[in-house]
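Model the placement of chain B on the given structure of chain A, informed by the hints.
Residues per chain are reported as follows:
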Amino acid sequence: MKDSLILRASAGYVLVAAVVFSLFVLLRGHNEPGGGFIGGLIGALGFVSYGLARGAAATRRALRLAPIAWAGIGLALAAASGLPALLWHGEAFLTHQWLSGTPLGTTLVFDLGVYLVVLGFGLTFVLPFLEE
Amino acid sequence: MPNRTDWLVALPVLIPALAAAFGAALHGRPRAQRLLTLFSAALLLAAALLLLAAVADGTVLASQMGDWPAPFGITLVADRLAAAMVLITAIMYAATAVYAFADRGAMAEEALWHPLLAALVFGVASAFLAGDLFNLYVWFEVMLISSFGLLVLGGGREQLDAALTYGLLNLVATTVFLIAVGMLYGLTGTLNLADMALRVPGVPNQGAVAAVAFLLMAAFAAKAAVFPLFFWLPASYHTAIAPVAAIFAALLTKVGVYALIRLFTLVFPASQGWVGPLMWFIAAGTMLVGVLGAAAHWEVRRILSFHIISQIGYMIVGLAIATPLAIAGSVFYILHHIIVKANLFLIAGAMQRIGGSFSLARLGGLWRRDPWLGLLFAVPALSLAGLPPLSGFWAKLLVVQSGFAASYWWLAGIALATGLLTLYSMLKIWLEAFWKEPPEDAPEAAPLSRRERLLLFGPVVSLGLITLAIGLWAEPLAAFALAAGEQLSTRQEYIRAVLGGGGTTP
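Residue numbers (this note's numbering), protein chains in the order written: chain A, 1 to 132; chain B, 1 to 506.
Be a bit skeptical, because a hint or two may be false.
To be verified - Per the computed footprint, the stretches of chain B lying under chain A, defined by three or more beta-carbons under 8 Å from a beta-carbon of chain A, are: (1) 17–31; (2) 359–366.
Unchecked claim - A few chain A residues facing chain B, derived, Cβ under 7 Å: (3) 66; (4) 69; (5) 95.
Keep in mind that the hints were calculated from the coordinates and are not lab data. Ideal placement from N, C-alpha and C gives every residue a C-beta, glycine not left out.
One chain only, chain A, in its complex shape:
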């Protein structure tokens, strides 16, 4: 399959499109169906299709960090999103805080964390299969 010129040429565009769409789904999840979990799955699929076209090594380069490291960063973000409540507001862990008057807040950080965990773990399991 790696020999298909069309697949190889389009792989980069498909990856960009999939990541942009996954971020859209991530943000949409704020009030409508979507969110970090499904967004992360879509993003991971983008990287998997890239890997099918260009090989696992190229996918790892495109990711910059090891997939498991992305999952770690995601888990750290999700856990950290619960900290402002504890640190400054005297409220229970994971009580979410909002930038006054905007829909931006720690929930977005939490969701981004979930996105990265799903993306990272998904690719941790799938990439070794592309290497065989």
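Showing chain B alone in chain A's frame:
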């Protein structure tokens, strides 16, 4: 202005979560990962000590995650038992983390070892604090996933085979658990344990409640590896690398026992008439099958695996008798057992490093080669068998005493007989591995370097000292266990802490 309660209860969840997260993010940087693991273990120890100090006087701390009020959101609760379990988890985290620095299997896959160990501790510590049945289920899943990863570390064919058995049978138990959670939610309309405790007596269909209680008992019994659902444990534990086997032996089955204690003191207290007799049967069967299985084996780790099972039986005895004294016996037994059992598995790993094998037939002369190892083995081994003045003696005394006090003579008798047979197994290891002349075909093992000795023996010595300390100053821990048993039996403080003043009594 930070709120003390919210901090104390959240930290044991947060620290290992961040340790797992940063451990994974630092993939490929072994030095940073090592420092991170040591740092988080120390932090978790400190956090657990603070938590225990805060609940030692009998207060129950509860924190509502995300500020969602009690029966609807996720509640983390710490009472005496939960805080003590978190502390012992932290001790195990520190001990195995240090030991693993000298373990070839763990260090060969270091990049995964550090985050997986933290993830396991994350699941275990959080499960002890869960005040919500579904949340408890999620922590069981976290534990299952990370333990599956740990089990295949150093992955040979034998380990993959064991991991498959382990994963499959645990998945079945987890699924049964999930089904029971759904049914119980259907019956009571709540997932919060404290709220459930109030609502269960008011459910019109008590037959269905009994069925759900039985399902939950079966699920947790499988997790705790009690008779007759224990078979996954001896099929898998002996293949894991030494630090993994130690932390599994210490914590995994005990989470099942903890869940049994929590559920059957809080939500389904003795009101269910069939629970007691069934628990006697399970306790007696577990003690006997475990200890007889151990007597039949000639491989150190297999012997120790079967002893985990038989010792779980003692913990179930407390639940079967269900007086506050008996539950205190279970609590004391769990705390003593975790330290002793983990220590024995760590020592088994050291025996393999020094003697070259896990098989009693091929080991020999360890006493001459390394007398310190013999001494270090003797402490937890004799404690496991229940000889005074070690911790196991007091643990068995409490359990047997509660059996006599409630006139369960035969159960107390089986407990005593099991103790004797345990002594037989420990003597067998002693005579074969340490005392007899090394056999002709004894494998050659490279001597340990100074650094390796320090890393392997440091945790073993520390755990041995804890065992000795509990044995010589049993009074404070016994008083604590009695207070914990009392608190578990009365329930009100727990329910009040979670639901606030009124609760939502139907």
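Task: Numbers of unmet hints, in rising order - done: Of the numbered hints given earlier, the structure breaks just one, which is hint 2.
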